[in-house]
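4 protein chains.
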Amino acid sequence: MSRIAFIGLGIMGSPMASHLAKAGHEVLGHTLNSNAYARLEADGGKSAASVEAAVKDAEIVITMLPNHPQVEEVAFGEDGIFAHAPKGALLIDFSTIRPESSVAIAEAGAKAGIRVLDAPVSGGQGGAEEGVLSIMVGGDETDFTAATPIFEAVGKIFIHVGPHGAGQVVKAANQLVVGGTYALVAEAIVLMEALGVDAGKGLDVLAGGLAGSTILERKRKSMVAREFAPGFRIDLHHKDMGIITDAARQADVALPTAALTASLIAAGRAQGYGSLDHSALLKVIENLNGRGEQ
Amino acid sequence: MSRIAFIGLGIMGSPMASHLAKAGHEVLGHTLNSNAYARLEADGGKSAASVEAAVKDAEIVITMLPNHPQVEEVAFGEDGIFAHAPKGALLIDFSTIRPESSVAIAEAGAKAGIRVLDAPVSGGQGGAEEGVLSIMVGGDETDFTAATPIFEAVGKIFIHVGPHGAGQVVKAANQLVVGGTYALVAEAIVLMEALGVDAGKGLDVLAGGLAGSTILERKRKSMVAREFAPGFRIDLHHKDMGIITDAARQADVALPTAALTASLIAAGRAQGYGSLDHSALLKVIENLNGRGEQ
Amino acid sequence: MSRIAFIGLGIMGSPMASHLAKAGHEVLGHTLNSNAYARLEADGGKSAASVEAAVKDAEIVITMLPNHPQVEEVAFGEDGIFAHAPKGALLIDFSTIRPESSVAIAEAGAKAGIRVLDAPVSGGQGGAEEGVLSIMVGGDETDFTAATPIFEAVGKIFIHVGPHGAGQVVKAANQLVVGGTYALVAEAIVLMEALGVDAGKGLDVLAGGLAGSTILERKRKSMVAREFAPGFRIDLHHKDMGIITDAARQADVALPTAALTASLIAAGRAQGYGSLDHSALLKVIENLNGRGEQ
Amino acid sequence: MSRIAFIGLGIMGSPMASHLAKAGHEVLGHTLNSNAYARLEADGGKSAASVEAAVKDAEIVITMLPNHPQVEEVAFGEDGIFAHAPKGALLIDFSTIRPESSVAIAEAGAKAGIRVLDAPVSGGQGGAEEGVLSIMVGGDETDFTAATPIFEAVGKIFIHVGPHGAGQVVKAANQLVVGGTYALVAEAIVLMEALGVDAGKGLDVLAGGLAGSTILERKRKSMVAREFAPGFRIDLHHKDMGIITDAARQADVALPTAALTASLIAAGRAQGYGSLDHSALLKVIENLNGRGEQ
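Listed in order, the protein sequences are those of chains E, X, P and A.
For the first sequence, the positions run 1 to 294 when my numbering is used.
For the second sequence, the positions run 1 to 294 when my numbering is used.
For the third sequence, the positions run 1 to 294 when my numbering is used.
For the fourth sequence, the positions run 1 to 294 when my numbering is used.
Note that these hints are calculated values from the structure, not bench results.
None of the values given here were measured: they were computed from a predicted structure.
Some hints here could point you the wrong way.
One copy or two, either will do: identical chains are not told apart, so a pair holds if it fits within one copy or between any two.
As the list claims (entries may be wrong) - Cut-off 30 Å, straight-line C-alpha distance, at most; resulting in silico cross-link-like pairs (DSS-like, lysine-lysine):
hint, residue 1, residue 2
1, 156, 201
2, 221, 156
3, 111, 56
4, 56, 46
5, 111, 87
The shape of chain E in the complex, shown without the other chains (with noise of 0.2 Å):
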């Protein structure tokens, strides 16, 4: 067991950090929104009122922050993880960001003595209450073996897939295609039901064939059915898609589909979508065939 601790007690962040507690780590959570205290506190946790305070005894510093900006100043700030963090103490960063801020934090922990690895996670606000995260791993291999009981807490599947900030690169990768299968999806619905076609039943048999994946499997319903109560909302999607398209430009590498996805989902933000959840880019497609409700 480990003396942890974790800041950012979000929607993510609370329940991480309550399975952490109750799996009999010593957790030390920090965060803005202080009503987040109570319940890591009746999960076996305490509060602290700083980062400093939070961070100076731990073996295990955790973040899962909202976006780069903010893990830059956790880190990097003057009240931040590297100026009071113990030397040799281990950075798990679960928030999902640009992959260079990773390489840029990694580097900077490096000189102030303290590891980092970057583990974004996929499954959403109930792969985290249930403890079923999937974590893509950026980082030197000993320490993720050493982080595996923190991973055991909060998730199901943990990978190591490469250095620094190459589990930023998967997570980009993963909310690529999650993005544009939700266009595809969307599309696919409103050709069927502008043809007449029962888009349900239609659905049904794509997603017994190749044309199958995890978003029909769960989605599919809700979406014929026009709820689109999140989950991952479109603003979430957003940023992710901004990351992505950060990721390409750094790699010189042109994404179509990618940058197409992107506009679409800016577009849902922009038509005063973005609490809705990602699946609502359903929408997006309706409106731009005037076919939506609005």
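Following the hints, position chains X, P and A against chain E.
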């Protein structure tokens, strides 16, 4: 058991006709490639010298042909089905063609006293050989019921999805999703490799989460290994994207992701990959990025 | 001066026929909308009760019709041109249709002893009224030369661009560039306005530099003012994008920007803007961004 | 006449500084490439050993640098403009950078007592050498008026388009339209050539009608001849598409045609054409169609 005329003994039609013959139906086949008769005869069927000879005493007429001009010629021609099949016969068209052509054939059939179902399949050559095709059926419910023994002999899943043409619409939706998913997986691979990540490991993670799909399950290893033996050829998927484009135009709907996918598949054909498996869309994305061997 | 049969007195054909009559040609018009005869007769032409009556003594037959099915019916039908025009007559088809249809008509014409030119025009209703159309001509050089007096009466620029169908190919290329330029200008306006910049001033700068175009020159003020009275209707541009899509498929070329433009124009039609000017593509981009009034 | 510090004597800055010196201004230049000093001195200017030395007595400070990190370093750095320029000086940034960076620089300038204009230019190396650039200016009206003598020395058209950052927004819109127009012309050429039409003649027709543009006027012959000497390099246009992508994200707008254009330009860079003129987008479209020589 029925007297069946089977027109079109190609790589799909040949095993399908054999399954029907082996199931005990009386199958009279006709095709342009006379090499295909040997297999049918070995499996208990017979060959016919013309469409007229095949259909003149048939209870059920089956067509499995490349595209709508061939189906229309065989249906409407002087030597064709509507001219020579007995009134009351049932035409099951397994070909993948434009929905509007299926509707026109059904209307002409009604005038000629021939009932018609459009019943395009998915599952490819493998599915045809194993008799486990998925079949999407458009037409009258009673005709669908009457055709059940036929569908059971060649398929595993068969669903009545709507009126005449609806089977083709669902097939179009299927090919839209399949083609687009290949593009997405191809872009994910190129992104990961360009950033130094092992795409095989990365796709293993994707396959297990919300990005998972039948394509990732069956094709991720061969795609990463750049093995593109067909399977379903790019040339055929290009034909199917043309059907989607036509159907969208007929339905007055805009499908931007489908349009981009169609461009990428057309590029695959233009680059000389028409005879490779449709997963070779990866080569198109690689070449776009100057990364292919060429 | 020639004896001319003019088939199709619509908003383009009517002024063109009048220009020919006023230039001294003997013009016998036929059209489905009999209201159009008054103008032709006022300008010195005559009306004919049928295609047969119009063409039976003609030296030159002109068609100006909506799309290839109409041209094909008038050319190939029992009451049509090839059945009734004198051998040696010259058919000039000003319609915008698929290149392959123009080739087929020319081949059928050759068998019937009728010479054929495809001669689609650009310049719109305004250009037709003023007699200053641009004409892109495909066919034999000698026929082009023979048609010069006709072209001079209705156009300002007329260029022989290649063999049968080549005029249609150039017209398709023209519509591709025009449609795409509207999409680009629309996106530029939305970007500037979203960032608080006066789009009118911004487009003034663009119009003067490398981004300058005839569209910016003629349409930037009306676009910024959201004035979309046609001009050239979105429905017609949608038809033309279909010709481009077909031509690209026939030529086995992938044109991704054209495909996306076609989607956006189709969306304009689906959103109910078919009767507006094609510059109303701006409304499609605005709606995509939740910025239109609707 | 003013005392001017000119930072950045590259292929654009060098001729601009010379024009200012020849117009009678007292120009003190500083640049990283010391070879550039000879020309400035020959034209009446002087060289400075550091940014500090250049700006410390300046009335007007000019920057012409590759991208926002360079401008920010020169503006904000310890040795930089805001640290060493006299209060009341006017900073004119001719660089093309992100609108948000221009806003941030103006805000920091205000605190340091330095007035700031963003004034990106179009017209390329040729326009800079001839002193006929188009200049899009963001900032305060009074500062724009004060800068008139500077703009007159290097440009032909200069327009005040709005507040700080507005110049960059208009430049972004300009590059969006320019890049997209190259893609459209490239696709038009490939379509015509694939269908056997002389693209040179075809583009002659297009240039004279509604499809006409400055790009068709200046570049159609070189594109058809496949002459791609720069001009404005693909690498630079790729940088500018990044600015457009960032600006669209900041403004929360979806620009699908811009996104696709950005992909095609990124592909040009990835295929090794970064040092060619941006009209080499034609090579990207050709390669996509397996038609390039390579």
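Self-check item: Violated constraints from the hint list, given by number and in increasing order
Solution: none
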